[in-house]
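*Asks:* Keeping their order, the protein sequence lines are chains A and B.
So the first sequence is numbered by full-length UniProt numbering: it starts at 1 and just counts up by one.
So the second sequence is numbered by full-length UniProt numbering: it starts at 1 and just counts up by one.
I should point out that these hints are in silico values taken from the structure, not numbers from a laboratory.
Even glycine gets a Cβ: it sits at the ideal position worked out from N, Cα and C.
One thing to keep in mind: the hints can contain errors.
[Unchecked claim] Looking from chain A toward chain B, a few residues come up when the C-beta cut is under 7 Å (computed):
id: 1; residue: Ile8
id: 2; residue: Trp10
id: 3; residue: Phe60
[Claimed, not checked] When the alpha-carbon atoms are kept at most 25 Å apart in a straight line, the in silico SDA-like pairs for lysine to any residue are as follows:
id: 4; chain 1: A; residue 1: Lys536; chain 2: B; residue 2: Ile471
id: 5; chain 1: A; residue 1: Lys45; chain 2: B; residue 2: Val86
id: 6; chain 1: A; residue 1: Lys536; chain 2: B; residue 2: Ser185
id: 7; chain 1: A; residue 1: Lys536; chain 2: B; residue 2: Asp716
id: 8; chain 1: B; residue 1: Lys78; chain 2: B; residue 2: Ser185
id: 9; chain 1: A; residue 1: Lys118; chain 2: B; residue 2: Arg780
id: 10; chain 1: A; residue 1: Lys118; chain 2: B; residue 2: Thr400
id: 11; chain 1: A; residue 1: Lys536; chain 2: B; residue 2: Ser433
id: 12; chain 1: A; residue 1: Lys536; chain 2: B; residue 2: Gly773
id: 13; chain 1: A; residue 1: Lys118; chain 2: A; residue 2: Tyr624
id: 14; chain 1: A; residue 1: Lys160; chain 2: A; residue 2: Leu257
id: 15; chain 1: A; residue 1: Lys536; chain 2: B; residue 2: Ile769
id: 16; chain 1: B; residue 1: Lys470; chain 2: A; residue 2: Ile8
id: 17; chain 1: A; residue 1: Lys536; chain 2: B; residue 2: Arg780
id: 18; chain 1: A; residue 1: Lys536; chain 2: B; residue 2: Arg434
[To be verified] Some chain B residues near chain A, calculated using beta-carbon distances under 7 Å:
id: 19; residue: Gly414
id: 20; residue: Phe738
id: 21; residue: Leu749
id: 22; residue: Ser750
id: 23; residue: Thr771
Listed here are the chains, written in short residue letters.
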Amino acid sequence: MRHIGTIILWALVSALVILVITLPINLQTQLIASIAVVTFMAVIKVLRAEGIWRLIALAFGTAVVLRYVYWRTTSTLPPLNQLENFIPGFLLYLAEMYSVMMLALSLFVVAMPLPPRKSRVAEEGRLPTVDVFVPSYNEDTGLLANTLAAAKAMDYPADKLTVWLLDDGGTEQKRNAAAVIEAQVAEARHRELQALCRDLGVNYLTRARNEHAKAGNMNNGMQHSTGELIAVFDADHAPARDFLRETVGYFADDQKLFLVQTPHFFLNPDPLERNLRTFETMPSENEMFYGIIQRGLDKWNAAFFCGSAAVLRRTALNEAGGFSGLSITEDCETALALHSRGWNSVYVDKPLIAGLQPATFASFIGQRSRWAQGMMQILRFRFPLFKRGLSLPQRLCYMSSMLFWLFPFPRTIFLFAPLFYLFFDLEIFTASGGEFLGYTLAYMLVNLMMQNYLYGSFRWPWISELYEYVQSVHLLPAVVSVMLNPTKPTFKVTAKDESIRESRLSEISRPFFVIFAVLFVAFLMSIYRFYSEPYKADVTFVVGGWNLLNLIIAGCALGVVSERSERAASRRVTVKRRCTFIVDGREYPSTLENVSANGARVQVFGLEPDLAKDARCALRFTPYGAGQEEVLPVDVRNVENLGSVIAVGCRFMPEVARHHSLVADLIFANSNQWSDFQVSRRYNPGLFRGSLWFLGIAVYQTSRGLLYLARSLGGGRKKEAAS
Amino acid sequence: MLPPVRAALCGLVFSLSASVAFAQDTSVPFDMSGERDPAVEKTPAVEETTPAVRETRQPEKKAATPDLSTRRYIVPAKSLLLEGEVASQSFPLFLTPQQAGSATTINLGYSNAVVVAPESSRLTVVVNDVVVGEVPVQSAEGIKDVRFDLPAGLLRPGVNRVTFNAAHRHRTDCTIRSTYDLWTSLDPARTYLTVPRDTSGRLLTTDDIAAIGLGPTGQTKFVMVVPEMGQPVATNALMRLSQGLALMAKMPNQTFDLTDALPPTAGAGELTVLVGTAGNLAALLPGLPATARSSAVATFVDAPDGDRKVFVVSGPDWPSIEGAVEGMVSPIDRPLSVTREALSVRQRNGADMPLILGETSPTFASLGVRTGEFSGRRYRTGFDIGIPSDFYADAYGEATLLLDAAYSPEVLPGSHIDIYVNGNIATTVPITSRNGGVFRHLPIRVTMRHFRPGPNRIDIETALLTEADKICAPGSSASEEPRFALFDSSEFRMPRFARVAQLPSLAALSGTGFPYNRQVDPVALYLDRLDADTLSTSATFLGKMAVSSGRALQVRPESSALAIGERNAILVGTISQLPPLVLGQTHIAAESASAWGGPADGGAQHGATQDAIDEWQSRVRGGSWRGQISALEAWLQETFDIPLSSLRLLPGEEPLVAPGDTARFLVAQGDSPDEGATWTVLSAPTGADLKAGMVAVAQDERWQQLDGYVSLDSKDADALDTRPVSRTRFVATQPWTFSNMRLVAANWLSSNILAYAVVFCILSILLGIATSGLLRRFGREV
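Make a model of the complete structure from these sequences and hints.
*Replies:* This is the structure we're talking about:
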């Protein structure tokens with residue numbers, strides 16, 4: 001209560017603002033005020049004013065949004081006695097109010113995010129013991145080998161670091177399964193991984209039964225280990241060498257700290273990025289979360305556990321009875337439980353692991369369904385707003401994270417609302433053209449400007465809308481089903497190492513084409529009605545414009561579900577590193593250009609270009625953790641003469657466990673390269689340029705999606721003809 | 001919202017040109033008339049089947065027989081036009097018991113547009129809700145007189161209601177535009193109730209003053225014969241008496257004419273009133289009751305010529321006359337504590353109009369609108385409401401019509417319902433469904449911008465398009481199949497609105513007599529001289545004020561304007577006699593005192609200069625920045641209806657008004673020097689102009705136009721020249737409540753648009769700063 005004066009002052013100002021906002025002024029006044037505010041915000045944005053101006057710009061936006069809410073509530077709802085208008089109209093109203101509420105919550109979260117923390121390197125000497133958990137279910141050995149090798153190679157005293165492979169694919173239950181093939185596969189996996197772990201110096205642990213999925217697996221790990229801290233990495237998330245150095249120190253500062261979370265950095269694009277080819281240029285979807293939102297949550301001590309790339313304190317977990325497994329998002333649930341017991345969390349905004357994300361659209365949707373359903377389960381079982389022990393900001397932060405996943409509802413309503421008018425002539429939003437100009441347009445402009453102001457360099461215009469739309473189509477049924485039956489969903493591991501060998505439509509793409517067709521008919525309808533019914537051309541114009549916006553997004557989504565083929569099985573990481581290329585005992589000075597989990601491209605000086613394919617060669621380089629050079633065997637895949645140098649594409653041929661460590665060292669050792677890559681994509685194209693860019697993408701992707709559709713229909717017919 | 005207005009204008013233009021064409025071309029037969037002739041011939045046969053109606057076509061000479069005392073005129077206007085496909089007008093008619101008992105016939109003189117199809121158009125007369133007669137509308141060539149008998153016992157003593165309903169159909173055209181060509185005109189001079197001569201005009205008690213009635217042009221005049229009008233002691237009694245008489249009669253166009261000689265005759269709508277001490281009146285009036293020499297009297301006596309009665313108010317001295325006046329006035333006066341529920345201005349539709357003081361939702365039935373079915377193209381109906389003088393919601397306010405209506409499947413999209421407030425279009429609701437529809441309490445938002453204190457008219461006009469009208473087969477325009485129905489369960493929902501009085505405001509003055517209507521102390525009345533013109537003017541003005549206020553004002557005559565001080569005052573006088581202080585306070589240019597009405601024409605010269613400047617401005621518009629600004633203003637005005645004057649932070653001072661050459665009379669209002677009271681000035685260049693101007697302004701139509709801080713009347717203009725107020729003084733009329741102040745703020749900010757934007761921005765900045773302070777103190781910091 002030290003700041004009671006500040007609170008009173010703020011409350012007073014807020015009351016005044018509310019008073020002025022709820023004055024029933026006329027449209028002309030609103031119009032002028034809107035123009036003034038939009039101009040003011042634009043000036044602040046153009047000048048890139050930060051600090052207090054950031055909050056002033058947000059206050060402007062908030063005021064306009066609140067005026068819109070006031071007007072929307074008092075003047076635009078259809079009369080109650082016209083149920084055919086009122087019901088859809090009220091649904092639309094609810095959807096808009098949801099959006100406004102989410103805006104309010106996210107404003108609270110990110111109004112003043114914590115600046116990235118200064119590097120807090122752990123001190124030598126008093127370092128705690130750390131258990132590294134790598135839970136696995138069905139990932140293949142190569143992938144696990146890289147992760148485990150990278151984990152083992154972390155810069156930390158060896159006597160204080162224990163790496164555990166927690167294998168749920170080789171449990172007794174699996175090995176003794178009734179289906180003989182399944183049992184044999186599990187048995188083979190069990191043996192293979194045990195051997196790998198032995199070679200890498202890693203502990204292998206499995207258990208009797210696959211109970212409580214990932215949370216149960218990790219709790220089992222906790223029972224068999226004793227380290228003070230527990231670091232968790234997903235099977236495909238390989239840590240950089242400095243992971244523990246950058247995170248462990250915080251536990252010494254705060255005895256009530258239970259979590260240090262770091263961002264997830266992905267080496268491969270998600271399906272949207274791959275199919276739209278934006279991975280190299282545009283910030284990834286999750287950068288908004290890890291770049292801004294987690295920092296905002298961190299301000300309110302509400303940064304939560306994201307399942308991987310985090311360090312937790314054993315005593316805290318013990319107090320809560322281990323990892324919680326009630327929902328299928330055990331990570332967030334665990335963090336919520338510990339926050340409510342008075343433990344603190346810290347977020348370190350530096351990518352310290354690199355991983356894979358789902359490559360196909362179907363597995364991407366599968367992953368998002370799990371998140372959405374898990375969050376709904378937490379909302380249902382552990383309603384954070386009334387959870388005891390949480391501070392008010394923490395409650396709001398958790399509500400913001402959970403309620404976000406309701407977006408399929410408003411998104412669906414926004415998608416179909418114009419159709420009520422265009423097809424059925426229902427008037428679900430009563431306003432004149434002038435009012436649209438003075439209120440709705442101002443609201444939308446201000447909304448876009450606020451988004452751009454908050455997330456500009458992390459999220460480009462309309463990309464959020466696109467992501468929400470492509471997810472909504474399949475997430476809506478998932479969210480509805482978890483609402484009806486909250487205990488039904490079970491943990492499904494997301495496949496992340498698939499690759500697309502040939503261009504095709506996603507297996508779950510059909511609804512997108514149906515929706516696109518409906519919206520397109522509605523678009524034609526709007527043109528027809530604009531000319532045939534001149535007495536309501538203004539309404540048709542506004543509704544038609546809205547539908548056109550939906551159509552553009554839906555068209556862009558056609559590109560998202562049209563999967564492009566990808567040559568490289570796994571993503572290449574650009575590195576610049578000296579090494580020696582060895583062919584038949586002869587050594588050539590060379591530079592590593594890029595590496596992937598499977599191979600590398602090397603620029604070799606002085607080599608003859610007539611190198612045979614599949615020739616057995618080797619790379620010699622100094623790993624970050626070791627003192628002397630080591631040798632990694634490779635096969636030649638292709639050779640390209642670049643004039644002064646020869647570029648050789650080669651595949652890693654690891655023979656012993658140490659070779660996996662060398663591969664891991666090449667790809668994962670240096671975390672700065674990931675930060676650099678992220679920073680290279682982070683810039684704000686601005687509202688206008690960003691929108692134009694999006695329009696261009698959308699037009700192109702629509703045509704690509706339709707082309708894929710035509711091809712798949714043609715292909716289907718050919719198959720039929722053939723059979 | 002523009003298209004309907006434009007359509008209406010086109011319609012008007014068309015109708016004008018059309019009627020001109022027909023007027024010039026009456027000898028050429030109307031192209032369809034050959035086919036229609038049989039139908040016209042059938043009309044008498046139709047009438048034979050309704051024997052209750054007896055139509056007598058009288059030669060015009062006979063109709064004009066000058067036996068005026070037998071007529072009670074009905075229409076309080078110079079002319080009455082029933083326009084459109086359906087039109088209805090009602091008028092109250094106050095009858096004495098004798099008149100009610102003996103009147104037997106109603107006369108009606110009408111003409112109509114050539115294009116009205118007689119076989120399907122009817123004119124109906126309804127008295128006290130009983131149809132007394134109906135005729136086909138077939139008097140395109142000139143005024144036709146019709147007489148209907150009235151059933152015995154239909155008329156009542158007191159107020160009766162006479163309604164004229166016209167239903168018109170076009171001969172050939174089925175367009176909405178053509179409905180603007182349809183009209184029936186009633187001649188007020190030939191529209192009257194015939195009262196047999198033997199009992200007519202015998203006004204016997206003071207109650208019967210209300211039956212003073214109308215002249216043939218809708219005028220009502222009290223001729224007050226006051227031999228001693230120059231005596232200051234008489235002024236108070238005269239002013240109170242004129243207000244009392246005005247309140248008794250409540251006629252729309254009533255004026256007072258003070259004279260010192262008894263006029264020989266009194267026409268219809270005139271009442272002679274003699275006021276004076278018994279000693280002075282005896283010479284004029286031999287029949288003065290003898291008791292007048294000892295005590296106050298107020299009674300009717302026979303005029304010296306014996307043919308009529310005059311009203312006499314007399315007594316031994318002026319104080320006793322004042323007593324007699326108070327005896328008349330006090331029973332009809334309204335105590336300050338009583339709030340009116342209705343404005344007593346019956347003349348519009350024969351009913352009192354409800355006074356709306358706050359949130360209320362009267363149904364159409366209670367507002368006098370009846371359920372109606374309609375088979376034509378353009379249906380217009382409406383109602384009147386009274387708005388209090390402290391109404392302050394013109395900038396932001398919106399009322400709601402909850403419309404219960406239905407339209408048949410043949411009505412096409414593109415049809416629309418328009419709402420008019422005081423003749424200004426407020427909203428258009430398009431009909432968009434193709435398959436007919438029923439509106440159940442359909443909310444229609446009606447801006448309050450055109451509301452003003454006092455009586456307000458709200459019209460609902462429905463324009464219906466159908467396929468049949470597009471084809472327009474012969475005879476189809478007269479189809480009886482209803483297309484549209486408006487139900488009287490509809491409601492007019494008035495929200496609670498901001499209430500604070502603004503001064504100066506001539507609209508509030510004409511509407512409800514504000515700020516004089518509610519004051520306890522007498523109003524200071526300054527008359528520059530006590531002559532017939534000045535006294536007539538102030539009596540007429542106070543009479544109008546009394547009717548608007550619903551009570552008789554207490555006045556205290558002042559001989560010096562400077563003695564008024566901080567009191568509400570009414571000042572009447574020729575411009576040259578008014579003190580400069582008064583002119584200054586009421587924003588009248590000081591030079592008008594000598595220039596107005598004078599031969600040397602400074603004003604005209606100034607006008608010419610302004611014209612020249614304007615012309616030059618338009619010629620050099622492209623280059624000058626002033627031109628750019630005025631172009632922007634025009635664009636804003638066109639696009640968003642935002643006048644540049646509202647884009648100001650704080651209102652400026654009212655410009656001084658120098659009445660132009662054409663102006664004859666002005667009403668101006670301003671604050672007293674210390675802004676504690678309100679002064680209203682009636683002035684003119686000469687005494688004759690003063691009186692004539694006041695008579696003109698006392699006409700109901702003109703009286704309703706009073707607005708702004710100065711209203712100027714000209715001899716030949718058909719509307720007052722009003723100057724809008726820019727800087728108002730607010731006077732609280734309601735107890736201070738948060739909700740009222742909030743609405744007042746909303747209205748003020750809505751009329752000072754930039755102020756809102758500035759307040760909005762400043763508060764947002766403050767909020768940003770406060771939030772920043774809050775966020776810095778809470779949560780983690782690094």
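*Asks:* The structure should be examined with respect to each hint, and the outcome stated for every one.
*Replies:* Do the hints match the structure? See the list:
At a threshold of 7 Å, the smallest CB-CB gap from Ile8/A to chain B is about 10 Å, leaving the interface hint violated. At about 4 Å, the closest approach between the beta carbon of Trp10/A and any beta carbon in chain B falls short of 7 Å, and the interface hint on this residue holds. A hinted interface residue such as Phe60/A counts as satisfied when its beta carbon comes closer than 7 Å to some beta carbon of chain B; here the least separation is about 5 Å, so the hint holds. Annotation: proposed proximity of Lys536/A to Ile471/B holds, straight-line Cα distance about 24 Å (limit 25 Å).
Taken as a hint, the Lys45/A and Val86/B pair is broken in the structure, with Cα atoms around 60 Å apart against an allowance of 25 Å. Between the alpha carbons of Lys536/A and Ser185/B the distance comes to roughly 37 Å, so the proposed pair goes past 25 Å and is violated. The hinted pair formed by Lys536/A and Asp716/B fails the criterion: a straight-line CA distance of about 43 Å is larger than 25 Å. Restraint check for Lys78/B and Ser185/B: the C-alpha separation of about 11 Å stays at or below 25 Å, so the hint holds.
For the hint linking Lys118/A to Arg780/B, the alpha-carbon distance of about 14 Å falls within 25 Å, and the restraint holds. In summary, the hint linking Lys118/A to Thr400/B is not supported, as the alpha carbons are separated by about 61 Å, beyond the 25 Å threshold. The suggested pairing of Lys536/A with Ser433/B holds, with an alpha-carbon distance near 12 Å, which does not exceed 25 Å. Between Lys536/A and Gly773/B the CA atoms are separated by roughly 49 Å; this puts the pair beyond 25 Å, and the hint is violated.
For a cut-off of 25 Å, the pair hint linking Lys118/A to Tyr624/A stands: about 23 Å separates their Cα positions. Between the alpha carbons of Lys160/A and Leu257/A the distance comes to roughly 20 Å, so the proposed pair stays at or under 25 Å and holds. Note on Lys536/A and Ile769/B: the hinted pairing is violated, with a Cα-Cα distance of about 44 Å set against a maximum of 25 Å. Distance check on the hinted pair: Lys470/B and Ile8/A sit about 68 Å apart at the alpha-carbon level, beyond 25 Å; violated.
With a C-alpha separation of about 54 Å, the suggested pair Lys536/A and Arg780/B falls outside the 25 Å cut-off, and the hint is violated. Distance check on the hinted pair: Lys536/A and Arg434/B sit about 14 Å apart at the alpha-carbon level, within 25 Å; holds. The interface hint given for Gly414/B is met, as the beta carbon of that residue sits about 5 Å from the closest beta carbon of chain A, less than 7 Å. At its closest, the beta carbon of Phe738/B sits 10 Å from a beta carbon of chain A; the interface hint therefore is violated under the 7 Å criterion.
Against a cut-off of 7 Å between C-beta atoms, the interface hint on Leu749/B holds, since the closest Cβ of chain A lies about 6 Å away. Hint on Ser750/B holds. Least Cβ distance to chain A is approximately 4 Å, under the 7 Å limit. Because the closest C-beta pair between Thr771/B and chain A is about 5 Å apart, less than 7 Å, the hint holds.
Consistency with the previously given hints fails for numbers 1, 5, 6, 7, 10, 12, 15, 16, 17, 20, ordered from lowest to highest.
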